Amino acid sequence: MQSLLSDGTAEDLGSDELAKQAKFYIQQVVSKYRERLVEDGFSERVEMNDEYVAVFFERPVDFNNLSELEQLITRYRRQFAAT
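Using the numbering used here, the letters of the sequence shown correspond one by one to residues 588 to 670.
No lab work stands behind these hints, which were simulated from the structure alone.
Warning: the hint list may mix true and false statements.
So the derived label-pair ranges between C-beta atoms look like this [what the hints assert, rightly or not]: (1) D649 - G601: 42 to 48 Å; (2) K607 - E657: 36 to 42 Å; (3) L653 - Q615: 32 to 38 Å; (4) Q614 - R646: 18 to 24 Å; (5) Q614 - Q666: 31 to 37 Å; (6) V648 - A668: 16 to 22 Å; (7) F650 - K619: 16 to 22 Å; (8) L656 - S602: 36 to 42 Å; (9) S618 - L653: 29 to 35 Å; (10) F650 - D603: 36 to 42 Å; (11) D627 - E604: 29 to 35 Å; (12) L653 - V633: 14 to 20 Å; (13) Q615 - A668: 16 to 22 Å; (14) E604 - T661: 38 to 44 Å.
Since we're looking at a predicted model, the values are computed, not measured.
Yeah, the Cβ is synthetic: ideal placement off N, Cα and C, and Gly gets one too.
Generate coordinates for the entire structure from the input sequences, incorporating the hints supplied.
In structure tokens form, the structure reads like this:
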């Protein structure tokens, strides 16, 4: 993974540099979904540590209305499967 993210350079990437490179590539993939998710009330956060780099989109849901929640989940599954 380090050699792929270092773009063929001879230098070894430290864990901080590797995490920054991974975040850059992940952000490019996430960018096509970000606007829609933010419009729908999601907040975005990024977590980085020595184990992983992750982008999360979160929003509160009403567990008292499970049918609405199921419809919402189904809608996003379809939307993301189509892209």
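So, going through the hints one by one against the coordinates:
| no. | hint | in the structure |
| --- | --- | --- |
| 1 | D649 - G601: 42 to 48 Å | holds (44 Å) |
| 2 | K607 - E657: 36 to 42 Å | holds (38 Å) |
| 3 | L653 - Q615: 32 to 38 Å | holds (35 Å) |
| 4 | Q614 - R646: 18 to 24 Å | holds (20 Å) |
| 5 | Q614 - Q666: 31 to 37 Å | violated (20 Å) |
| 6 | V648 - A668: 16 to 22 Å | holds (20 Å) |
| 7 | F650 - K619: 16 to 22 Å | violated (29 Å) |
| 8 | L656 - S602: 36 to 42 Å | holds (38 Å) |
| 9 | S618 - L653: 29 to 35 Å | holds (32 Å) |
| 10 | F650 - D603: 36 to 42 Å | holds (39 Å) |
| 11 | D627 - E604: 29 to 35 Å | holds (34 Å) |
| 12 | L653 - V633: 14 to 20 Å | violated (30 Å) |
| 13 | Q615 - A668: 16 to 22 Å | holds (20 Å) |
| 14 | E604 - T661: 38 to 44 Å | holds (40 Å) |
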